[in-house]
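For reference, the chains in residue letters:
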Amino acid sequence: MKNNVLGIINVTQENHELHALTARRCHASLPYGGRYRIIDFILSSMVHSKIRNIAIFTPPNYRSLFDHLGSGKDWDLEYKQEGLFIFPKNSTFDNRDDFSVLNQHIDYLEKSRQEYVLISFGSLVMNIDFQPVIKQHIQSGADVTVVYKEKEVHDVSFTDITMDDFQNITSFNETDSPYGSLDIFVMKKDKFIESIKTNANKYRSLLDVLKNCDLTCNIKGYEYDGYVQKINSIQDYYRYNMELLDPYFLNEWLLKPNEIYTKLKDEPPAKYSASSEVKNAIIANGCVVEGNVENSILFRGVHVKKGATVKNSIVMQKSQIGENAELDGAIIDKEVVIFPYEHIEGTPNNPKVVTKQKIVGEQII
Amino acid sequence: MKNNVLGIINVTQENHELHALTARRCHASLPYGGRYRIIDFILSSMVHSKIRNIAIFTPPNYRSLFDHLGSGKDWDLEYKQEGLFIFPKNSTFDNRDDFSVLNQHIDYLEKSRQEYVLISFGSLVMNIDFQPVIKQHIQSGADVTVVYKEKEVHDVSFTDITMDDFQNITSFNETDSPYGSLDIFVMKKDKFIESIKTNANKYRSLLDVLKNCDLTCNIKGYEYDGYVQKINSIQDYYRYNMELLDPYFLNEWLLKPNEIYTKLKDEPPAKYSASSEVKNAIIANGCVVEGNVENSILFRGVHVKKGATVKNSIVMQKSQIGENAELDGAIIDKEVVIFPYEHIEGTPNNPKVVTKQKIVGEQII
Amino acid sequence: MSRKEVVAMLLAGGEGKRLSNLTKSVAKPAVPFGGKYRIIDFTLSNCANSGIDTVGVLTQYEPLLLNSYLGVGAPWDLDRKCGGLKILPPYVQKQQGGRWYKGTANAIYENICFIEQYEPDYVLVISGDHIYNMDYSKMLEEHEKNKADGTISVIQVPCQEASRFGIMNTDDHNRIIDFQEKPEQPKNNLASMGVYVFNWSLLKRYLKEDEKTATSSNDFGKDIIPMMLRENCSLYAYQFEGYWKDVGTVESLWEANLDLLDDDSALNLKNSNWRLKSVNPNMPPQYVGKEAKVSRSMVNDGCIINGSIDHSVLFYGVEVDVGASIKDSVIMPHAKIGRNVKIERSIIGEGAIIPDGVTIGQHDGPIELIDQTSTYKNDIPLFVNERR
Amino acid sequence: MSRKEVVAMLLAGGEGKRLSNLTKSVAKPAVPFGGKYRIIDFTLSNCANSGIDTVGVLTQYEPLLLNSYLGVGAPWDLDRKCGGLKILPPYVQKQQGGRWYKGTANAIYENICFIEQYEPDYVLVISGDHIYNMDYSKMLEEHEKNKADGTISVIQVPCQEASRFGIMNTDDHNRIIDFQEKPEQPKNNLASMGVYVFNWSLLKRYLKEDEKTATSSNDFGKDIIPMMLRENCSLYAYQFEGYWKDVGTVESLWEANLDLLDDDSALNLKNSNWRLKSVNPNMPPQYVGKEAKVSRSMVNDGCIINGSIDHSVLFYGVEVDVGASIKDSVIMPHAKIGRNVKIERSIIGEGAIIPDGVTIGQHDGPIELIDQTSTYKNDIPLFVNERR
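Chains as they are written, first to last, in the UniProt record's numbering: chain X, 1 to 365; chain E, 1 to 365; chain A, 1 to 388; chain C, 1 to 388.
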């Protein structure tokens, strides 16, 4: 019933590969799947795992994330004393320096009543139940438990780990290991605080410490065999969104009993006009579809006007696609205006990105 | 019923005179009056004046303010679309540069539905009804309305203004004028946005613009004849807190129908032991008084132990005054521990400040 | 407790008998509407958007779902430190037991104490049964300008329907000179919308007076308004222009839902300055499949569409299987429509599971309502409610 | 709707008859307690602090204030997306009218549907009338460890008082072998605290069985527990150590308030790991004047003290004028105590205005309760309630 775990989500690390989409927001607040932001996945997973005290460490450009999360109410994290805490990193810190930002807010960690911490680095898209991880950690008596997965072909961005026959991790540096760390750790809070305090000058992150420590401490692995995405490039972003149009992947997050929470808005239902043609699409509330939409994802409040065609594309919140405009293989960021008759084309390997609030084309009067 | 005014509270300006108390918090979040923070006064005044969309521009060290305000619920500012918005200033900005921080968030101003803005600069302690100010502004047809007061002897920190017989302000630069501006302005939102956009490079603040503009625009004064404090130094802080022990001033904010909102906490009532002696004191919930308290203000959760004497002093949240310790003329910041038998003395003109979380004295075992 | 200029009293106890089984276990104001709303969202949003922050909601019939839907009013920004939304049920005393409010006026009478604590100048009496977007602050302005004792909002209705309404006859200055409740021979077509503003001190007197009259039905339209007119109170009509509908019957509920699909509808749900507020359940976005066809429709979050939908309104979480076709219909939350089902001119109730191949409704038939009691050939239940 | 391991059912319909006029217009659980709380804050905080996030509150007697105090449970962190606090009143039907729950067991029986939607393993039945801090999760652990059908929390009471309680006789493993409801000759002093854990599937069966029994009083203590014991269910006693009090009478209410002033009190309100949660009105801090004297007392926000206070509990916004002295007393919110008033061994009701110079209570007298009906010499009202 009661849970003794403090959740920490560290999303301070930036990723330059995603710059076209993250110039004006942080990675964790990237819109995803028609309605969500990437942070929603780990955050909802923690909430469903009965973790109710969660700190998010953010990069300096945190405003979009902050507007999204608000008081935490929509994630069921509005509590009188605990709940959701957001700690933005000062712009003067080094990008990769996780420990110093944690060290800066060590009083929050010290004051919290929980005995364990569950720390997630990076912005994973997954719907995971952490309760068995925590249970295994406590029962095994390990110092640290690391969630890992068996890698698939395109999983290139996970830290490789090797283990012995008892799931003890023996190395974080191996290459070509079949297993990749998801950089999700469970440990005693006291040990975590101690590690930050003693290592803040020597090492930059917990992973650094684990990589370099002499492994006298016992690090156990926990295998996750569910669906997980790590978005590290525009191509990844495009592909992983598009995967949701496959019913198998859709089920993984749409129909699981543990729903993914996100910010709730008073948007009316989507409206389809007499001229709309829609096939294989994810469409959010507040959209108005008067044109053609195929193999695409429309976020809230998108307007596809008469004669327009949106194909193999992702269109974010409140963007307008003008009459007879054509998109194929495009990623249209928020509040973009595409004028009538404009063509925008890209490919799955090189999707065309139109950045936030851009106006494309000229008005024909 | 409905109010067409957007509230802006700009508390980005720091004050080095207060450094002993503001090193680890911003000016606006200074604890005040046993239970409040300075921001509570202007914020509550706006709420009671039916302003329900309020932006606070804060300095970079805003965390204490942010923890205090939370979602805005305790100030009745939790709304689905409007409510309370906090915009921290990036540390790279010049301290006095108001316009550039406003300019950075100009999209918020542009998107809001209100026609007028009421802008308050600086951290005043007052309980004012802004509705007559707004009404006068609309009826007079002025371009800008400025709230001013007739100065009293110790009012040295207000900008002097001169007016003609029709309350038109003719100058902001006069010295020895009987009138001082409270730096509270009402104007059309569009004009304010325009002014920011055109003047952000030339001027640093609205006051700068008004001081330097050719005054072809019509600036009207609105006289406020209520109680107001402007805290610019440690002496001011000490004196204005102590004034609350005078029933006249107490009434001004304690018994007015428009209550001052602040963060609500689950603290038990204050507890007085058999050995307590208390005279002329303001005491907040959660305190435990076992010693003597006279002419003093105790914030929430202060513990005055047996035999201790707190005289002419201000003791902030959760500080502990050890057995037989003596304070006179002291300002004890938050979470300070004073060991038994310690003496701390200051005077009204030079109160002794003990900074946040300090431990004074040595434990005698 | 600080004063409030206006207190709104929202009558939400309606049984909605003519809505058949749709109101079997929920009060009429809680009936789903418009793909994601409940009927009462309209009046509550009107209050919030008009700047009225104190609303007493008078409940009685099947209040459980309504109570939990309303909560403390947060979804409509009515969770306020002073005022806000308060639910006012008739309540049970041990000795006397409980009884319902005797009529609309009695419901207000029984809550005089509630209103008094705010010392309001005006009381706005509204009903939770109607679909309309209205800025009550404009009506209040008119009321003040006229220095009226009471103001009644009216709307022009087709002359042939006028006898279904309370009809106002006014002079050139909009002062009401005569009021006919459901007249056989209406003198004009200005119908009362059941939206009243009264000066509170005066209304209170009339409510007390009315309560003493044993023969009274304690109703605003039948008793209070006629009594005020008899005693020469200055009552004014406030003419409302816009969409307004009393969704009292299955037909009118169906019609009002489909009205939303009209591109020229006077009822705009996308107006960002007049947001229709509601409880927003968390649902994934809708998925429109490879073989789907959707036109002239409103579809909400959580739907999975693999059939074809035309001129219909689909609520949260509706699933439409391959080959199914839905036309001119309203599908309530979480209904599951099986393969090759044909639905036309129907309302499908919440949580219905329509078996494969069934046909419901016809092009020129009456509006079909499918609910828990509906059966199909040989009494096979047509509606399988899997939700608790 | 996701599953819940435990659902708590909180009985909050108590009339509190022996609390005299304190419960004339509020239910017993809503009676002010401890300077800033209401009695029900204890059980609700217990639930929240024990990690139980689904609580049905069964109301009936004078529910209006209680309902608005409870809201959607936010003050106790019980405003949750799934589960949370839900108010469950007996409700009025048009034809049959309304009726109260017949007994504690009937109250749960009538809400089987509410519980069922969470598919719980266990149901915790508690009462909103008691003052105690208890971690129910420990009791649940014991229940699971014992593989019990039901677990009843017990506390040792002085033997001479045992006949006022339901008394448990247990074997060496704490299994209950015998239960006596208010026995004249108690076999021991382990009293039931009215805190029960049951396996839901089993309890449901017994509730249905009990409901069929026309002669049953539908009460846990009188009917359900004896029936379970007769049928050899494994019921265990869970021994609670700590402060527990049923504040059923004016005397015990007074006593429990003053118990808080005891420095060694087992009831700690300052435990930051077991915060007593409550609705916190916004009030300025208390002011203790130049001529005041305060000792051995608890004083809340908003008080203005110019007299002398000893061994007393003062709620929100109490004003004590110069020369007044208050001893061994409980002063409820917003009471105004005039000049030179002497109060001893009394409870002064909410909003009372005690005129200058009056003396109430005496050193060796019974506990005086001053409320709206209290008068002073020649029927001059002693209690002037200025609050609406």
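Heads up, a few of these hints could be off.
Within a straight-line C-alpha distance of at most 27 Å, the following computed DSS-like cross-link-like pairs (lysine-lysine) qualify [unchecked claim]:
hint, chain 1, residue 1, chain 2, residue 2
1, A, 222, A, 212
2, E, 211, E, 151
3, E, 265, C, 81
4, X, 135, C, 86
5, X, 311, A, 290
6, C, 86, E, 80
Beyond 12 Å from chain A on every Cβ pair, some chain E residues (computed) [claimed, not checked]:
hint, residue
7, 48
8, 50
9, 78
10, 225
11, 232
12, 235
13, 259
In short, the hints are calculated from the structure, not lab data.
Small disclaimer: the values here were computed from a predicted structure and weren't measured.
Note that the Cβ used here is the ideal one computed from N, Cα and C, for glycine as well.
Going through the hints against the structure:
| no. | hint | in the structure |
| --- | --- | --- |
| 1 | A:222 to A:212 | 15 Å, holds |
| 2 | E:211 to E:151 | 19 Å, holds |
| 3 | E:265 to C:81 | 23 Å, holds |
| 4 | X:135 to C:86 | 31 Å, violated |
| 5 | X:311 to A:290 | 13 Å, holds |
| 6 | C:86 to E:80 | 23 Å, holds |
| 7 | 48 | 8 Å, violated |
| 8 | 50 | 8 Å, violated |
| 9 | 78 | 7 Å, violated |
| 10 | 225 | 22 Å, holds |
| 11 | 232 | 32 Å, holds |
| 12 | 235 | 35 Å, holds |
| 13 | 259 | 9 Å, violated |
Checked against the numbered hints listed earlier, the structure breaks hints 4, 7, 8, 9 and 13; every other hint is satisfied.
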